[in-house]
Amino acid sequence: MMFEGVGIITFAVSGLIEAARKKLDFVGMAMVAALTAFGGGTLRDILLDRRPFFWVQNVNWIYGILGLCVFAMLFLRGRHLEFTERAILWPDAIGLGIFTAGGTQVALAEHMPAIVAVILGVLTAVFGGVLRDIVVNQIPRAFSDHQPYSVVGFTGAWLVLLGDSLNWPSLLTLGVSAGFIVALRMIAVYRGWRLPAWKI
Amino acid sequence: MMFEGVGIITFAVSGLIEAARKKLDFVGMAMVAALTAFGGGTLRDILLDRRPFFWVQNVNWIYGILGLCVFAMLFLRGRHLEFTERAILWPDAIGLGIFTAGGTQVALAEHMPAIVAVILGVLTAVFGGVLRDIVVNQIPRAFSDHQPYSVVGFTGAWLVLLGDSLNWPSLLTLGVSAGFIVALRMIAVYRGWRLPAWKI
Amino acid sequence: MMFEGVGIITFAVSGLIEAARKKLDFVGMAMVAALTAFGGGTLRDILLDRRPFFWVQNVNWIYGILGLCVFAMLFLRGRHLEFTERAILWPDAIGLGIFTAGGTQVALAEHMPAIVAVILGVLTAVFGGVLRDIVVNQIPRAFSDHQPYSVVGFTGAWLVLLGDSLNWPSLLTLGVSAGFIVALRMIAVYRGWRLPAWKI
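Chains as they are written, first to last, in our numbering: chain A, 1 to 200; chain B, 1 to 200; chain C, 1 to 200.
To be clear, the hints were calculated from the coordinates, so they are not data collected in a lab.
Zero decoy hints are in this set.
You can't tell identical chains apart in this list, so a pair holds if it fits in one copy or across any two.
Simulated crosslink set (SDA-like; lysine to any residue; CA at most 20 Å straight-line):
id, residue 1, residue 2
1, K23, I134
2, K23, P196
3, K23, V151
4, K22, A197
5, K22, L195
Predicted model, so just to flag it, every value in this text is computed and none were measured.
This is chain A alone, in the form it adopts within the complex:
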């Protein structure tokens, strides 16, 4: 729950930064922040035909994002952007781990086949950022920056399947899978790993 919050706030902040870069207004900032934070989980729930969404069940997330936007409006300045982007590398990895592992568990609980559960887990973590980039009119970074991000989530999500088949307690599975994803992601960042390039 606390870790989920880390993910939501980080994703919202990454939306804010993008909105600031594109000089969106307050409405655009709030919408892009919310889309980035809630978009992935909402898409997963629409695909699974699952209600209520987590931001309906716990509306404090909505107020939190609105508060964050007001705060950013008042205090965020241009010189903060780059610093913030570096500062959220760790929280962003935590978000990737928690959302992917948690999303995979949710999909498994709805009796999805293994590969579908894994993909829905990855979508939960990645699609908020994809929607953010589509809205601000650029090709999604997740599809084009050759960084191991979705791929790390994809790899770790299979640990959820493993834990599930071994009947591990749900929280243990979540912790192990998310921890693996966070670690692998940070190793990829610090080692500068790259996805293999097209030979076109």
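Based on these hints, arrange chains B and C on the given structure of chain A.
Below, chains B and C alone, put in the same frame as chain A:
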């Protein structure tokens, strides 16, 4: 009902204008017009898991939009575009009022919490235009033009909550809230109000 | 079933080509290919509130697309792109025919009104490509290239309505309608038919 029609047709026309600007073909024009007119309400209904959509329940709206596109194809010329855009300022404000207030009522009837109902009301009115702008490959105007549009809807939608909590008749609530939004929007237009700018 | 496969693979390949053009990475390629192949049918099923999606019911399609992406990564080179694009003209027409006719039948089976069933049929075939183009940040070709594509599907979809009202066997209706669409589409391609242009 009649007012709802004003909103649908206005939103369709704003889609047509955008399609004409981008030199889309007839298919693109019809799709963008329909997306602008139906997109917000359809998104709301998907989020609420509510069927049938209003354009399924009353297919005359579909035929109406197709007719509008044929008409535009035959008679709309470049010199009409700017004139039309000014001419739809009032109808567009009416659309904003009716769709926001009506959308909020629909969400309340589905037992959504207050803030969710308000946001779904605003989405009903605003998201058609957002989808229109995404499809024609530009950053949504609603997010970047610093005009009080969504914000006006957001403010007025709380009147629906007020009316609901005071047990006003549904039509009275709709009228008061929508009227307030239309008035506030037109004041904002004529006074040239702007959203506060980023200090970046 | 076999013909459906022709459509899915062709649409995936058209996604691959676009991803290669935009220099997306492997993740982007797989996502765009899957979005192009599955997007139209998935949107149709979301609008109809219909589950499970066909790619959940038969996960081999997912593995197929992943395999296709690995294959493309290894063997697709720049000089193949134009050749591939010409080579998929026929398969693409088959995909248009099968998806439109099949999608219309699915919508009819869910008791949609005639015009809605026709539009959902066309969306099934066309919206994968629309999503592909939105994601790679260009105006959808289906809306702007003045080629008779959606219009051909729209025309042929009414044959499904005809067959349905005459109580033809379902497979006969599918064959006649899809065949009509494939033929009309290929005639349009070889004769170079164009949609009427705006006079703006």
